[in-house]
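Q: So the chains spell out like this:
There are 2 protein chains.
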Amino acid sequence: MSTQQEHQLSLSPFNHYSNRVLLKTLLHHANDDGAVGLVGQRVLVGGWVKSSKEVKKPSLPLIMDNNNNDGFDETRNKDVSCVEILQSRIPLVRSIFHVLGGKGYVPRKKLEHSQHPLKAIIPQPSTVYLLLTDGSCVSSLQVVVDSSVAQPSNLLPTGTCILVEGQLVKPSSEGKHSIELKADKVLHIGTVDIDNYRLSRKRIPLDMLRDYSHFRPRTTTVATVMRIRNVLSFATHSFFNDHAFIDVQVPAITSTDSEGFSNLFKVTTLDRKAEKEKLSTVYETEGVSLEVVKAAAKEKSNQVENLKRSESNREALAAAIHDLRKTNELASHLEAREKKTIEASLKDDKVDSSEDFFSCQTYLTVSGRLHLASYACALGNVYSFGPRFQAHKTDSAKHAAEMWMVEAEMAFAQLKDSMNCANDFLKYLCKRVLENCSEDLKFIAKRIDNACIDRLQQIVSVSPEMLSYNEAIDVLRKVEDKKFETNIEWGIDLTTEHLSYLADVVYKKPVMIYNYPKEVRPFYVRLNDDGRTVAAYDLIVPKVGTIISGSQNEERLNIISSRIRELGLAREKYEWYLDLRRNGTVKHSGFTLKFDIMVLFTTGLSNVRDVIPFPRSYGKANN
Amino acid sequence: MSTQQEHQLSLSPFNHYSNRVLLKTLLHHANDDGAVGLVGQRVLVGGWVKSSKEVKKPSLPLIMDNNNNDGFDETRNKDVSCVEILQSRIPLVRSIFHVLGGKGYVPRKKLEHSQHPLKAIIPQPSTVYLLLTDGSCVSSLQVVVDSSVAQPSNLLPTGTCILVEGQLVKPSSEGKHSIELKADKVLHIGTVDIDNYRLSRKRIPLDMLRDYSHFRPRTTTVATVMRIRNVLSFATHSFFNDHAFIDVQVPAITSTDSEGFSNLFKVTTLDRKAEKEKLSTVYETEGVSLEVVKAAAKEKSNQVENLKRSESNREALAAAIHDLRKTNELASHLEAREKKTIEASLKDDKVDSSEDFFSCQTYLTVSGRLHLASYACALGNVYSFGPRFQAHKTDSAKHAAEMWMVEAEMAFAQLKDSMNCANDFLKYLCKRVLENCSEDLKFIAKRIDNACIDRLQQIVSVSPEMLSYNEAIDVLRKVEDKKFETNIEWGIDLTTEHLSYLADVVYKKPVMIYNYPKEVRPFYVRLNDDGRTVAAYDLIVPKVGTIISGSQNEERLNIISSRIRELGLAREKYEWYLDLRRNGTVKHSGFTLKFDIMVLFTTGLSNVRDVIPFPRSYGKANN
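Protein chains in written order, with my numbering: chain A, 1 to 623; chain B, 1001 to 1623.
Be a bit skeptical, because a hint or two may be false.
[What the hints assert, rightly or not] Below, in silico cross-link-like pairs of lysine-lysine (DSS-like), each with a Cα-Cα straight-line distance of 27 Å or less:
(1) A:K294 <-> B:K1431
(2) B:K1478 <-> B:K1543
(3) A:K298 <-> B:K1298
(4) A:K50 <-> A:K176
(5) A:K294 <-> B:K1308
(6) B:K1294 <-> A:K298
(7) B:K1056 <-> B:K1182
(8) B:K1543 <-> A:K393
(9) B:K1393 <-> B:K1416
(10) A:K573 <-> B:K1308
(11) A:K298 <-> B:K1308
(12) A:K298 <-> B:K1326
(13) B:K1543 <-> B:K1482
(14) A:K202 <-> A:K24
(15) B:K1185 <-> A:K416
(16) B:K1308 <-> A:K308
(17) A:K24 <-> A:K50
(18) B:K1294 <-> A:K308
(19) A:K294 <-> B:K1482
(20) B:K1056 <-> A:K298
(21) B:K1298 <-> A:K300
(22) B:K1300 <-> A:K300
(23) A:K573 <-> A:K482
(24) B:K1326 <-> A:K308
(25) B:K1573 <-> A:K620
(26) A:K308 <-> B:K1300
(27) B:K1300 <-> A:K326
(28) B:K1170 <-> B:K1182
(29) A:K300 <-> B:K1326
Think of the hints as simulated: they come from the structure by calculation, not from any bench.
Just need the whole structure built from these sequences, with the hints factored in.
A: Rendered as structure tokens:
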């Protein structure tokens, strides 16, 4: 299937600011019309070698290396270029060819090492077949390079970058390619350090690849994932643009703890080394004066001993003893003070942030929904798409420390409005991937997960099962064929295990659960009339679990105030948010889509680290 | 001008997941066809009161409050509703009206406080005229509410939120409005705490508004800026999508210092309090054992004194003296060790990050271009749009600590390709704003900067003046009418002052300066053949200065290695980046557009903090 977007691309290289033609453009053209109109065209293509083979051409037995006795196999090209043989042997012929600029000319330097024509080991002419990929699509282009055009050993390693010019031709042999490129100019070769290039080996497991995140996108799997990710990203912006939402970039740095959680990254410019030095200075300053006094006390003690021994002068002794006592007192006093100062300085309960960049403690944001709400309460419908951060010390396959989230917030909207919007958004994303990524999805279906296309189609065509939390608890209570790790009782936060069971086993389709107990949702979610539950929901899809979490948020000042009190949150941090209820408050609702989990769902992979360009997780931030 | 996008919206509320109709939809319809087809329609609208007036209806003199002697002015509505007067006075009539559901019925509770009909202070009937805005456009809708529908005092304050239902009618008086809403149901009122609501005052300067970033978008200026920002944001994604770039979300948290700068924010989960406590524990543990030994020494010292005095047992004395000496030695040893431990612990030069979340020191990224380059070297053309961070202690009007950047990187592309792409991108952004934000731009031209539209049109129609750095230096050297703060000599980094002079005074149009001295650009920019300059450029526009900075980046391993050496950078941090040169290296180039500066350019404002939803700058991170 070729989409509208793909048709917009033409073979003209102007589209992408270099002279080369994208392989996607070329190969999709070729597939659409069986390469009609392409054969004979000259093009410039660039990319990285995915696999290669060299087919030797027979040389004259006369100059065969003795070691080279492996003979020709059936696939080898039997053509012998007389010109090449002549060139290699007879200097005059070579010179003539050089002057005439003959097409078969082999550069002089390649032949220079042959001191004596009859004894020399002449490189055997060959043809190199390269499968080239440029990241624009799954397919690769076969590029044929004669050894007279470029040194085969430089081209063959996997990962070599080449920029070549040549003519599009019908493939010499029947195969899966409908077109190939006969290269006659190699404009660039980026060689490979074979011994150290991790991608030289075939089929490296994804978890090993994670340590080489800078090379990962050169694998077909990761490149495919990133192309799908890109389509989902643009679809996100398109959906909200089509529905008149305004894109509001909420801040990554915040002094507000949106969820009341503790797994926060701190942002600071304070220098830990400088802080330590400050403590050390305190210690040294106090320490020095104490030592002086102690030395004095020791001297005075000796003086007293001497006076005692001499028994000469009782008055002098009494004065010296008095002096010693005073000095000792001072020493004790100083010692105590030193101890106190250091201890105070070490123990100080309040960490001083006044000297920090923002003059206050700041964090990386966990959620942008509070900030977004303030813009919704002025602009109506708003959304944000950016990184959010959680310092969970976990190696869960569904969690990374930095994840991109799509957050939407709508004024004058209630729980059901948010649910409708979340559903439409999810359907839209799946539809766009189905329409725009057919080649990538086929690759995934073949190599990773053959159910991936069906899953996307189900989202588009089927509505989620709607269950209140109470109903979900009832359903789970009746489950007999499975023992859950967390017992089912009213009030628990449903775990991944429960949710997956509902979506994967019970309903075998997306499930939407709403009206959660207030204890398991953040303070800002709207309290329902029952006083026990809040207007929150989760949209759970098969395979990955919760993909969207939404809620109607509390617009009533008195109720949100008492929720903050109940939870013991630092009210002063939320004054700005409460202000929105004091002045022109409005019902509003919204949701968060975990974008990386959406990519995981679409691609059928199992670890979120494999769908994030540079994943950050506990103990890992490679670059 | 009405754009395609605006036409897509219909009066159906389905588009935006609530029953209300966006004012943009309604008012643009009204302007397009002179309100034909709208008059008589029932709609639900919601928004915030921008301004209001109450027009009293005359009451019977009989019940006038004595204080109410200000008389009627000419603008007041002279209609007297007999029904209301009768209702207010005669209980029976009221009851009859209630039963019949008469349209003029005034709810009972409003009248209940009038104990005696003749003495009561009856609220004087009135009509409230509200200018309502919902953030979807500059224009507001006039909403007319009779005091019988809602208590006027609740509706009148600026900032009050209302959701009202009613009928669209031709305005009662000729004016700028082509349609107004006669409300007959008020479904929601979000009142205002007049004394504390900062936006109650009119025309608050933008710099004062910054302290109330959560309310700012309710002002017409900031709402307009945010709508334009939104159009620029979607245009960014559209441009790159149209040109087959892949969106790669580069990480905010990084262990690589992309620019080799020092103004970095650190990211940590280490607890400063806990660190201090650790030091304090060392101190205490050591301190305590030392004290025990000291106490023992003192006791032994007394023992020795006693033995000396009694002179009874020389052997016992010798043993006691030996014991005392050992104890004293131990005390000295412990004292020395304690001092050493604390000092070491305080002074430790290497700040230990092994216990930090990522087991290494991490920062907030200054630039995503290195990370992006690694994806370009696999996928071809890539871009990223996200927050970047610099901890400059400055209050410059062009700088914030967190700014959004658009970064693009293209493999197989050289300096000129990057320049062409940057130019096209800038033109595209300006074109999209001109097409999609006509009403917003008119508001800006009227209120902020009347040259804003001309400036955008110039970018679309005129190509930038191209100058090498050498040529720019020559031009600036010849300037006689202006003395620059930094003297013009080869090798300086051109300052804002120089660049603005070129764009605003000399050429009066965008200027592109390229081939900067290598010393003033980052290590990764490609060295030119002259060995002195690098393939970097800036695109400078009138009014705001540099808006795009681009470069071709160094693909040659040996040269980039020696640049890293020259600059004394920590090579081990860049090994992953150098890997890209070791394996399949390719010419690549790209650029960075400062998105917030682009919004500043478009809106004609002068401080970047006014175009960022929640600005963060030195000493300021409000929420």
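Q: Can you give the numbers of the hints that this structure goes against, from lowest to highest?
A: Hints 1, 8, 9, 10, 19, 20, 23 are the ones this structure does not satisfy, whereas the remaining hints hold.
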